[in-house]
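Participant: The residues making up each chain are set out below.
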Amino acid sequence: MIANIPYLAVAGLIIIGLYTILFKKNLIKMVIGITILESGVNLFLITLGYRLGSIAPIFTGNSEDALMSYPVPQALTLTSIVIGVAVLALMLSLIIHIYRHHGSLHVSKIGGDDQ
Amino acid sequence: MIDMILETLQTGTGFWNPLTWIVAFVIIFLIVFIFRGMGNKSYKKGTGQTQAFLSGNKEYEKHQMHVQSSNLYWGWTESLKWVIDMLKKMHTGNVSDYVLWFIVVMGLLLLSVGLI
Amino acid sequence: MNIIDMLLAHAPALIIAIPLLGAFLTPLISRVSDKGRNIFAIIILGITALFVFYLASDVLANGPITYVFGSTAETVQSSTVIRILFEIDALSIFMAIIGIILAFVAVLYSYAFMEKNTGLDKYYTLLLLMTTGMLGMMLTGDMFNFFVFLEITSIASAALVAFWTNKSKAVEAGFKYIVISTVGALFVLFAIALLYGQYDALNMAKIAQNLGLSGFTFLDKIALVLLIAALAMKGGLAPMHMWLPDAYGRAPASISLLLVGATQASLYGLFRIVFTVYGDVISLPTVSIGWILVLLGIITMLIGVVMAIIQTEFKRLIAYSAVAELGYMALAIGTGLTIVANADPTITLQTAPFAMKAIIGGLFHVINDALDVGLLFLVAGAVYYATKETSLNRLGGLARNMKYTTVFFIIGLLAVSGLPPFNGFASKLLIYESTYQLNPILSIVAILSSILLLAIFVKVLHAVFLGPALPKFESVREVPKSMLVAMAIIAGIIIIFGLFPNLVVSNLIEPAANALVNNNSYLQWLTGGI
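Protein chains in written order, with the working numbering: chain A, 12 to 126; chain B, 16 to 131; chain C, 5 to 534.
Just so you know, the hints here were simulated from the structure itself, not pulled from any lab data. Take the hints with a grain of salt, since some may be wrong.
[Said to hold, decoys possible] With a cut-off of at most 27 Å between alpha-carbon atoms, the simulated DSS-like pairs for lysine-lysine come out as follows:
1) K104(B) / K407(C)
2) K77(B) / K120(A)
3) K103(B) / K485(C)
4) K120(A) / K171(C)
5) K77(B) / K407(C)
6) K35(A) / K56(B)
All chains should be modelled from the sequences, with the hints used to inform the complete structure.
Facilitator: Okay, structure coming up:
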C-alpha cells in the first residue's frame, strides 16, 4: 500500500488541476490549474523510474554495481519541466495584454463574438 | 512518359479522367455558343427594352442595392432555426467549456473502449 | 563531390537543423537590414525544400530510411533501443512535402503582407521555429521526441496567432489556443509515460513490437484512448473543434496557412499511432476504433457547414469550412480502419477493396484540403490588406478593382466544393464511392456537406466580389506582386493536381497508404528484415 502513495498523489493532482481549469472563473487561477496538472504528470514520470532501495544514478563516488534508479525518466521530466516554464511564461504575458485591454480577468470577458 | 500523364484515376467502382471531361466541356460550350448566335438580334439599345423590370417601384442608387451577406439564404436559416440556436448555445467562447468538451469526449471514449 | 554526398546522407537531420539555425540567426540579420532578413528566410526555406524533395525521391525509391542521431552504429543493444531515431517512410515524407510547400508560400506571402508591421524579426523567428516543429513532428520515430516537437509547434503558433497585440481579439484567441494545446499535450505525455512504464521503450517501432508480443492490457487501452482524444482535439475534430475558428480567424493570413499544416501534422500523429504503433492489436477492442473515427467525422462535417453559413466575418467563415474538410479526412480513414481492424478473419483488404480506396482518398484529401483552404485564406488576407475590412456586411463590388484575386478566389471556391476538373473532385469522388459501400448514409452526408460548402462560398463571392461598385472602395487597387505570386503557386499546384490526379495518386499516395496499412516495413530494421 505504501508503494502506491505516489500514484494516488498523481491522481489527486490531476483531478485538482482539471477541476481548477474547468470551474474557476479567474484567468490566473486557470493558469495555476495548468501548472498543477503539469506537476502531476511530471510526478508520474519520476515515479516510474524508482527501484526499491536504489541510489541516484551517478557514477562518481559510487561503485558501478550499486543499485541505481533509472536515469531516462529523470531526463524526460527535466525536458517536460522546461517546456512547462516556457508555456507558463507565454500564458502570463498574454494575460498581461488581456488585462490592459479589458481591465478585468474574468473568463467571460474573453468570450469573443460568436455567431 | 506521355501515357503516364494521361492515365485515368480508378476508384474501384468507376473512373475519372479530367482531360476527357475538359474536351467534352469545350465541345458542348461550342454547341451552345452556336445556338446562341442563331438568336434574334433586333432590339433597340438604350430604350426601356434593356432596363430591369421593377414593377413600378422606385429604383435606388446602384450602390444601395447590394444585398448584404447576413440577409442571404434567409429562408434556409429561418427554417433550421432550432438547430442553429442549439449550436450557437454550444459555442460559448468560454475556454473552460472547450476543456469540458474535451474531458466529456475522453470520458465517453474511456467508457466505450476501455471498459466494454 | 564528397561534400555534397556527405550533406545528402545527413538529410533528415539537416531538414530540422537548417530552419532552426535560420530561426536563431534571424534577429542578428535583422539588425543589419530588413529586406536582407526577408530574403534570408526565403532562402533558408528554399534550401530545406531541396533537401525534402531529395529525401522524397530516396524514400519512394528505396523504402523506409532510419537515421540515428549521434552515432553510426545500430541502436539495439541487448534488445533495448537507445538513442533517438528518425524513421521516414512514405507517409512521413508525404506530410513533409505538404508542410514545406505551405511554409515556403507563407514566407513568400509575408514579404509584402506584413511589410508595414513592426516587430517583424520576432515574426520570422517564430515562423521558422514553427516550421522546424512541424517538420520534426512528421519525421520522427520516437514518442517523446514527437511530444517535444508538438509543444514547440504549439508555443510558436500561439505566439504567432497573438501577433497583432494591438487588437484584443487576437490576444484572446492566442490565449485560448495555448490553454487548449497545453492540456492536450499533457495528456499525450501521460499516455507516453504509461507506455514507457510498461515496455521500457520510447521508440515507436519497439513499442509496436512489444505490443504485438505481449497482448493488449488494460493500461494499453487507457493510453490509446488518451492519445486518440488529445490528438483528435489538436486536429480539430468535433465537438472539440471550437478553438479552431478563434485561432484561424484572428491570426494573420499567412499564419492561418501554416496552422492548417500544423493541424494536419497532429492528425498525422493520430494515424501513425492508431495504424503503426497499435497496428497488431487494433482489432482487439470490442467497440471498433474505426466506427468512432467515422462518427467523429460525420459530426464534424455537419457542425462545420451549419455554423459556417451564419458567419459574417470572412476568415472565421473559412475556418469553419476548414473544420468541415477535416471531417472528410476522419471519415475516410475511419472507413478504412473498420476493415483493417476487423477481428473477423474473413473480412480483409482483399475481400473489401473499398477500404484501400477510402484510405487513398483520405490521404489525397489531406493535401487537397491544405492547398484549397490555404488559397482561400490567402485571398482573405489580400482583401484585408487592400481594404482593411474583415466583415462581409461592409464589403462589396471588389471584382472591378482586384481582378486577379477574384480569379484565385473562384479557383479556390470550385476546388473546395469538389467540382470538376479541380483536385477536390478527385479526392471527394474516391471518398464518396468508398464510404457508400460501408453505409449509404455516410456518402449522403458527405455529398450534402459538399453542396453546402458550395452554397457558403457562393454567398461569400456575391457579398465580397460581385455587386455594384461601392463609393468607399474607389481607391482600392490590386495587391503587390509577391502576394500574387504566392497565390499563383498554390493555384498552379491545384490545377496540376486536378488535371493529372493519377500521377499524384500512384506515385505519392499509394506508397503512403501501403505504408499505413501494413506496419511490417516500419518494423523492418528492428526485426531483421523479412
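Participant: Hint by hint, note whether the structure agrees.
Facilitator: Checked hints:
no., hint, result
1, K104(B) / K407(C), "40 Å, violated"
2, K77(B) / K120(A), "41 Å, violated"
3, K103(B) / K485(C), "40 Å, violated"
4, K120(A) / K171(C), "14 Å, holds"
5, K77(B) / K407(C), "21 Å, holds"
6, K35(A) / K56(B), "74 Å, violated"
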